[in-house]
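Start from chain A and add chain B with the ligands according to the hints.
Number of protein chains: 2
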Amino acid sequence: AFSQDIDHILETQCALAVDLGGTNLRVAIVSMRGKIMRKYCKPNPKTYESRIQLILSMSQDAIQDAVRLNCRILGVGVSTGGRVNPQEGVILHSTKLIQEWSSVDLRTPLSDALHLPVWLDNDGNCAALAEKKFGHGQGVENFVTIITGTGIGGGIVHHHELVHGSTFCAGELGHIMVSLDGPECMCGSRGCVEAYASGMALQREAKRLHDEDLLIMEGMELKKVEAVSAVHLISAAQQGNAKAQAVLKTASTALGVAVVNILHMTNPSLVILSGVLASYYQSPVQDVISQRALASSQGIKVVTSDLEEPALLGAASMVLDYTTRRSC
Amino acid sequence: AFSQDIDHILETQCALAVDLGGTNLRVAIVSMRGKIMRKYCKPNPKTYESRIQLILSMSQDAIQDAVRLNCRILGVGVSTGGRVNPQEGVILHSTKLIQEWSSVDLRTPLSDALHLPVWLDNDGNCAALAEKKFGHGQGVENFVTIITGTGIGGGIVHHHELVHGSTFCAGELGHIMVSLDGPECMCGSRGCVEAYASGMALQREAKRLHDEDLLIMEGMELKKVEAVSAVHLISAAQQGNAKAQAVLKTASTALGVAVVNILHMTNPSLVILSGVLASYYQSPVQDVISQRALASSQGIKVVTSDLEEPALLGAASMVLDYTTRRSC
Ligand SMILES: [Ca+2]
Ligand SMILES: [Ca+2]
Ligand SMILES: [Zn+2]
Ligand SMILES: [Zn+2]
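Protein chains in written order, with my numbering: chain A, 19 to 346; chain B, 19 to 346.
Please keep in mind that the hints were generated in silico from the structure rather than gathered at the bench.
Wrong hints could be hidden among the right ones.
As a list, the in silico SDA-like pairs of lysine to any residue whose alpha-carbon atoms are at most 20 Å apart [what the hints assert, rightly or not]: (1) Lys319(B) / Ser287(B); (2) Lys114(A) / Gln309(B); (3) Lys319(A) / Ser184(B); (4) Lys114(A) / Ser287(B); (5) Lys261(A) / Ile234(A).
Label pairs and their calculated CB-CB ranges [as the list claims (entries may be wrong)]: (6) Asp324(A) / Ser129(B): 46 to 52 Å; (7) Thr341(A) / Gln117(B): 55 to 61 Å; (8) Lys114(A) / Lys267(B): 25 to 31 Å; (9) Ala264(A) / Gln304(B): 33 to 39 Å.
All C-beta atoms in this analysis are idealised placements derived from N, C-alpha and C, irrespective of residue type, glycine included.
Bound conformation, chain A alone (with noise of 0.2 Å):
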């Protein structure tokens, strides 16, 4: 009975979790064991006021669908690109990606409209909290996670807590510098390991190839020059082009350089790699690591994240962490 009865409270305390990304605003519920109750989604509007309103009746809905699913909502965890002050619930600067969505106090407007408690982080962060909370870095005192998707996001956990550092600028893993000139980044800066390793980098070199008609292997199938992407790079690779090789080699060596240099910064025991382009690149890593760090962080390891939905667990981590933490 008594197991029962915690059973019953894993799966109706829950969090609403919302993910802002560069295309998609994403809402779910997620109970405190980490399953999502229910998902929804739908394009992140380009303006301040529209995503806004978005946010707020996307949760509406979400908290009326929850009262016939019997959850109780405990509060709302949001992860968005960006630098964010979480003591504050504020956006300090965002990528480029997201329109109009620096210097945001986003917890105010949800708070007055949801009545319900309200916090916030980067991605990045978010998918870190997740491994803490459901994934590789359960118990782990020390470790990072790497977030490729169309950018590269990261997380930090020292002590079994997320470092955010003097201005919330700690953890920005896809800005660590792998060349001191190499691609632009959306940053300003150059040589950024996003600039070579993301997404959004894999189909820039992807779309150039392609454009020199570099890239279509016999048998590949390609309908527009728009849908031209990462995987026909991957896939192009696998079918034995030498230049779509040496690109993805390019990509490799400097998400592994990022990880090195982590290694000597700041030692985690383990670096977990998160986002669609993970299991790509795991084994690369691994190999960078053997062939350039330090003989004692050799025996660091590198794994590949089981979770399906990062950010949102992460968001929905930060309410379920802190509403059932007991005073002391």
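Frame of chain A; chain B with the ligands shown alone:
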């Protein structure tokens, strides 16, 4: 009378500090307020046996002098190149500059022979401890020190504590890579900031230019090839030698990029540059931050250390902090 008592305690309570570098072995008597009461220097022997012997004999001489100086030695603090496990008192892996110095338990022979408690850490971490106790790092929650000498070392202080990492490899800031290829480094990798911006790297470039007869400007004096060093490179650059200027520009950019990587990873509020080249590098490093760091980390301060002897003072601070800490 009370303040006189305090003065007396601060001057008579002392640490024995030992600094093991690539060239010299140094020992000092350091008072609680960071005054170096006496200093001893000999060439660092090339073998384990003779090095241990020399540490012991120099320490015993210093302990005798301490009696005459009315100093009470509370313990021994050791700063050494390489990766150190400070809990066990063991040097795990040394730099190539100090031979026969890996997997060395230094605490046991020293404490057995000197009958004093012994602490040790690497030179970069000791430099950070010195700033924390006696320098710009006093009272600063999150800061980083980068010390540029023959090599490049560093230390990271987070929440007022040194970051050692899971395998004592944190703060190995000299081996942050800023290039996918780049010049070979002593550590076996390539493109490390140490291979671009250390005294050793500048000397290598100075020799290269000198071999091609491209270094010496009118009025510059240089006796023999062995004496070519970073000093000549800087002086040639100041006299308008474009080749020397280009080398120093690359070195400064490399150090700046490494600093920006630190800002994007752990985001300290303060970066302290230490060592002979610190004042030279301060302004170009600040320029690279302006050009290449994310907006959120633009406010970070870069300062030059005021400390004459960071390694010795940091070694001493381990003794002074531990032996005077009240139990709690
Ligand atoms: Ca982050
Ligand atoms: Ca160090
Ligand atoms: Zn960037
Ligand atoms: Zn190196």
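Results of checking the hints against the structure:
1. Among the hinted pairs, Lys319(B) with Ser287(B) is consistent with the structure: their alpha-carbon atoms are about 7 Å apart, no more than 20 Å.
2. About 17 Å separates the Cα atoms of Lys114(A) and Gln309(B), which keeps this hinted pair within 20 Å; it holds.
3. Between Lys319(A) and Ser184(B) the alpha-carbon distance is near 11 Å, which keeps this suggested pair within the 20 Å criterion.
4. At roughly 25 Å between alpha-carbon atoms, Lys114(A) and Ser287(B) are farther apart than 20 Å, so this suggested pair is violated.
5. The straight-line distance between the Cα atoms of Lys261(A) and Ile234(A) is roughly 11 Å, inside the 20 Å bound, and the hint therefore holds.
6. For Asp324(A) paired with Ser129(B), a C-beta distance near 47 Å keeps the hint of 46 to 52 Å intact.
7. For Thr341(A) and Gln117(B), the Cβ-Cβ distance of about 58 Å falls inside the hinted range of 55 to 61 Å, so the restraint holds.
8. For the pair Lys114(A) and Lys267(B), the supplied restraint of 25 to 31 Å holds, since their beta-carbon distance comes to about 29 Å.
9. Hint check: Ala264(A) to Gln304(B), Cβ distance near 37 Å, so the stated range 33 to 39 Å holds.
Of the numbered hints given earlier, the model fails hint 4 alone.
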